[in-house]
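Residue-level listing of the chains:
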Amino acid sequence: MRQARNLAAVFAVLRSRLLLLWLLTGLIAVVAVTGMFRLRFDDELVRFFNSDIPAYQDYVALGRAFEGDGNDVIAFVEASDFADPVVAAAMSDFLLDAQFIPGVRAALSPFILRFDGAPLFPYPPLPQDEMAARLEAAQAQVPMLGRLLSADRQAMVVIMPITERAEGGQTDRHSVLTELARLGARAEAASGARLQLSGYPVLRDEVASALIRDIVLLNTLGVVVGFAVAVFALRSFRLGLLTLPGPALSVALGIGLHGHLGVTINTITITLPVLILVLATSDAIHISFERGRQAGRESALATLRAIRRVAVACVFAAVTTAVAFGALATSRSEIIAEMGAMGVLLTLSSVVTVLLTQMVVLTTAGRADWFNTLFKRLHDRPPAAFGLGRLTALALRRPRLVSWVALVVLAFSTWAYSQAGPRYSLLDTLRGDSPVRQVFSQVEDKLAPVSLMHVVVNGTDSALVRQVAEVVARETGSTNVQSLASIEGGAAALADTVPEALAQRLVSADGTQALVSVPFRYENGETTLALADRLEAALAAEPGLEPGMIAAVTGLPVMSARVAGVILDEINRSLLIALGGVALLILAWLRNLRVALISLIPNMLPVTLIGGWLMLSGSGIEFSNGMALTVAFGIAVDDTLHVLNRLRLAGGVRRITREGLEEAFGEVTPALVTTSLVLFFGMSGSFLAKNLGVAEFGGIAMSVFVLALLADLLVLPAALAAFGPRSYLRTRRTPE
Amino acid sequence: MIRIALAALLAVFAAPASATELFEAAGNWQGEGMIATGPRAPLERGRCRVEIAPAAGGGDVSITGSCAVAAGLSDISLRLVRGAGGKVNAGFWSAATAQTVQFAGTETDGAIVMEATGALVLDEVPYQSRVEVETGGAEGFTLRQMLRAEGEDAWRLVVDMAYRQAGG
Numbered sequence: 001m002r003q004a005r006n007l008a009a010v011f012a013v014l015r016s017r018l019l020l021l022w023l024l025t026g027l028i029a030v031v032a033v034t035g036m037f038r039l040r041f042d043d044e045l046v047r048f049f050n051s052d053i054p055a056y057q058d059y060v061a062l063g064r065a066f067e068g069d070g071n072d073v074i075a076f077v078e079a080s081d082f083a084d085p086v087v088a089a090a091m092s093d094f095l096l097d098a099q100f101i102p103g104v105r106a107a108l109s110p111f112i113l114r115f116d117g118a119p120l121f122p123y124p125p126l127p128q129d130e131m132a133a134r135l136e137a138a139q140a141q142v143p144m145l146g147r148l149l150s151a152d153r154q155a156m157v158v159i160m161p162i163t164e165r166a167e168g169g170q171t172d173r174h175s176v177l178t179e180l181a182r183l184g185a186r187a188e189a190a191s192g193a194r195l196q197l198s199g200y201p202v203l204r205d206e207v208a209s210a211l212i213r214d215i216v217l218l219n220t221l222g223v224v225v226g227f228a229v230a231v232f233a234l235r236s237f238r239l240g241l242l243t244l245p246g247p248a249l250s251v252a253l254g255i256g257l258h259g260h261l262g263v264t265i266n267t268i269t270i271t272l273p274v275l276i277l278v279l280a281t282s283d284a285i286h287i288s289f290e291r292g293r294q295a296g297r298e299s300a301l302a303t304l305r306a307i308r309r310v311a312v313a314c315v316f317a318a319v320t321t322a323v324a325f326g327a328l329a330t331s332r333s334e335i336i337a338e339m340g341a342m343g344v345l346l347t348l349s350s351v352v353t354v355l356l357t358q359m360v361v362l363t364t365a366g367r368a369d370w371f372n373t374l375f376k377r378l379h380d381r382p383p384a385a386f387g388l389g390r391l392t393a394l395a396l397r398r399p400r401l402v403s404w405v406a407l408v409v410l411a412f413s414t415w416a417y418s419q420a421g422p423r424y425s426l427l428d429t430l431r432g433d434s435p436v437r438q439v440f441s442q443v444e445d446k447l448a449p450v451s452l453m454h455v456v457v458n459g460t461d462s463a464l465v466r467q468v469a470e471v472v473a474r475e476t477g478s479t480n481v482q483s484l485a486s487i488e489g490g491a492a493a494l495a496d497t498v499p500e501a502l503a504q505r506l507v508s509a510d511g512t513q514a515l516v517s518v519p520f521r522y523e524n525g526e527t528t529l530a531l532a533d534r535l536e537a538a539l540a541a542e543p544g545l546e547p548g549m550i551a552a553v554t555g556l557p558v559m560s561a562r563v564a565g566v567i568l569d570e571i572n573r574s575l576l577i578a579l580g581g582v583a584l585l586i587l588a589w590l591r592n593l594r595v596a597l598i599s600l601i602p603n604m605l606p607v608t609l610i611g612g613w614l615m616l617s618g619s620g621i622e623f624s625n626g627m628a629l630t631v632a633f634g635i636a637v638d639d640t641l642h643v644l645n646r647l648r649l650a651g652g653v654r655r656i657t658r659e660g661l662e663e664a665f666g667e668v669t670p671a672l673v674t675t676s677l678v679l680f681f682g683m684s685g686s687f688l689a690k691n692l693g694v695a696e697f698g699g700i701a702m703s704v705f706v707l708a709l710l711a712d713l714l715v716l717p718a719a720l721a722a723f724g725p726r727s728y729l730r731t732r733r734t735p736e
Numbered sequence: 001m002i003r004i005a006l007a008a009l010l011a012v013f014a015a016p017a018s019a020t021e022l023f024e025a026a027g028n029w030q031g032e033g034m035i036a037t038g039p040r041a042p043l044e045r046g047r048c049r050v051e052i053a054p055a056a057g058g059g060d061v062s063i064t065g066s067c068a069v070a071a072g073l074s075d076i077s078l079r080l081v082r083g084a085g086g087k088v089n090a091g092f093w094s095a096a097t098a099q100t101v102q103f104a105g106t107e108t109d110g111a112i113v114m115e116a117t118g119a120l121v122l123d124e125v126p127y128q129s130r131v132e133v134e135t136g137g138a139e140g141f142t143l144r145q146m147l148r149a150e151g152e153d154a155w156r157l158v159v160d161m162a163y164r165q166a167g168g
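The listed protein sequences correspond, in order, to chains A and B.
Letter 461 of the first sequence, counting from 1, is numbered 461 in the UniProt record's numbering, and no numbers are missing.
Letter 76 of the second sequence, counting from 1, is numbered 76 in the UniProt record's numbering, and no numbers are missing.
Bound-form chain A, shown alone (with noise of 0.2 Å):
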């Protein structure tokens, strides 16, 4: 009687509180709905780089002194022959009408230019035969005319600078590229060229739309196959949908705090958003899994227990993953930084609304009949392991050859981890198929590199940019420098002599510094910065060139190459990081070293093997394979700490049974393959994202989960048998 009486009043309890919890949920979700209207994307490629790293600090200036390339719209245009008279007017349209575009604030092409006192294509058109001939004159004695029509003709490049607004930015790029493209759509039709548009604001404009289309995609794809995952594992449609709602509010929360923190979702954070969301998923899984397991109890009651009993390790592997983002905190990318600390508070936070509300779904649905009968059946029929349970097996058979195995296989991969060098091309964040950089290629193919090296002269003698641009050409073997030199008449004549969009590029705007320009191909950052650093030390040898007068050797290929280097090993360093906090973290939790050491093994393994093949692949170290490696570590630690907190639950950490660690794998093995398929199947829609970078976080981090499963069912169970506290392969050893 008097248990009955303690257990209505439990029941009252949990009822008021539960109308509270429900509360709190609706609250939350108020936050997350309010905050997707205030989500910004960010399509700005160069803040990437936003550091006090010195190379940036050149580049900023640069753009300050100087108009920059970055808000170029290049135009490539093949025709039959560029001498035909159709093609000609054509062309000339083109031009003339681009330029009423508001925004458009020059068209940079052959037709700018003047021969023998005329302009280079009269008009009316002259005759194909006679304007053939007056091009192949030009040639000779235009340099200009090489970089924009090539030698047969068939190609031209346009070089349109646009503005863009600071606000709205994207939408007057946009409405500008459209009315550009409908203008060549005519010019098309008028003579039978192509034209194709590229330069940073197309490629922007495809960022800008990628980033909204991508996010819908991996997301959308990640609640799906979340869902399909908890489904087949739970064997329940109805208990599948029960996962839903804790991984979709902490998703939404996750967008929602970076609309109301004005933090944009940009190239970097895209991956952010589904990685909560399948972390959360995993979670919901693990409290399903957990819920089955108290199936012989009262509802509520169950449902209280799971959580109480999971939460631990899911507070402590939203923890771990939490330091690892906190590690990519301390880059100096302003970017990079930025991701690390939304992924420290997402992930916190992710795991509060994912237990808070997983508790108030599933104790309000328990008070339906179906949800006791269809758990009591899971707890009846334990989820499959799809045989990996077998790995287990296999460990606690040969646990120490296996361990000492999994050792030296990490001995190695770490060795060639720390030989991968870092790798950085401003290409690489562009699929192959990308429409820009298809007509990069071309032009580099048909007329002259597009990438452009500068050396900044704190002068504007003409003489003395003379000089400097002699060096340039020696040292790259550039025919193409382009500097005041080249100009009749030198700065004074600047004004009346080259459109405005050009001469802001070859002279300061407070007219006390000049450009010297060259353009390169462009391979990736490590050719660049030796051609970078071979041209520094030919001005610097020069004779003449007193110390002072060059400012620096810079330009985004330069800029991106240098800071690149120093961010990628501080993304290194962040794994290192990553790792001892994590080791402390297991130290603090369980107060065993020796637990919280082994534990590292099969975490540290995945991460060291990919690193690993990395460099025998050559791939090396980029961006987003280098951040894809520490924010999965932290990620599929979360294994790891299921499998401890397993061993907790059943009091087996300090001493180390087969019966124990049997036990313990034999209950969390569906689970954790579960997970890690909800982990990796969730992450695949990075594949059929637009932007390269997140293809390749995508496809590192699953090759981080898969890998981490496998080593926690194999290495995880051999290194407790083989040096765990008091193991029982230690004990049998040891005479009594």
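Don't read these hints as lab results, they were simulated from the structure.
If you only want the chain A side, here are some residues facing chain B, beta carbon under 8 Å, derived:
{"#": "1", "residue": "92"}
{"#": "2", "residue": "95"}
{"#": "3", "residue": "100"}
{"#": "4", "residue": "111"}
{"#": "5", "residue": "112"}
Rough simulated footprint, nothing fancy, chain A against chain B, three-plus residues with beta-carbon under 8 Å:
{"#": "6", "segment": "39-51"}
{"#": "7", "segment": "64-76"}
Residues of chain A clear of chain B, computed beta-carbon distances all greater than 12 Å:
{"#": "8", "residue": "58"}
{"#": "9", "residue": "178"}
{"#": "10", "residue": "232"}
{"#": "11", "residue": "309"}
{"#": "12", "residue": "368"}
{"#": "13", "residue": "387"}
{"#": "14", "residue": "433"}
{"#": "15", "residue": "463"}
{"#": "16", "residue": "486"}
{"#": "17", "residue": "490"}
{"#": "18", "residue": "523"}
{"#": "19", "residue": "620"}
{"#": "20", "residue": "654"}
{"#": "21", "residue": "663"}
{"#": "22", "residue": "688"}
Treat the numbers as computed from the prediction; the structure is a model and nothing was measured.
Don't be surprised by glycine CBs; every beta carbon is placed ideally from N, CA and C.
Given the coordinates of chain A, assemble chain B onto it according to the supplied hints.
Same frame as chain A, but now just chain B:
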């Protein structure tokens, strides 16, 4: 500013149809023809787009727009005032030259002939300027503009453009 500035200033005269039409016709006009980007530069292909906004009563009209050649584009603004006895006065401003030039002339049988009342100074050289507008039937009009340095006898053609209603 490069010399396209001059072209923009000059080409703005292309805006009116005949004066009679100009002071009544609101709307967008597009000019197609040749422009010289400087007093000594060769003629090259150019295009103008202007919006005509007559004031109520038809006494004056404001015209804003831009003119482009391959090397660049410049914004322009002008105001024309019809006086008694076929007199027409005009004030023109160009962002490129930052000069306002006054013109005065007459309107006869749908044709306008105006000359600048002051010099147009380009590269420190003063130039006289003359504008001739002729109606080209219902579809539009043509404009010819000439310059000559002080002391020169011959006018040099710097704008030769045919206008039609945009979209027509």
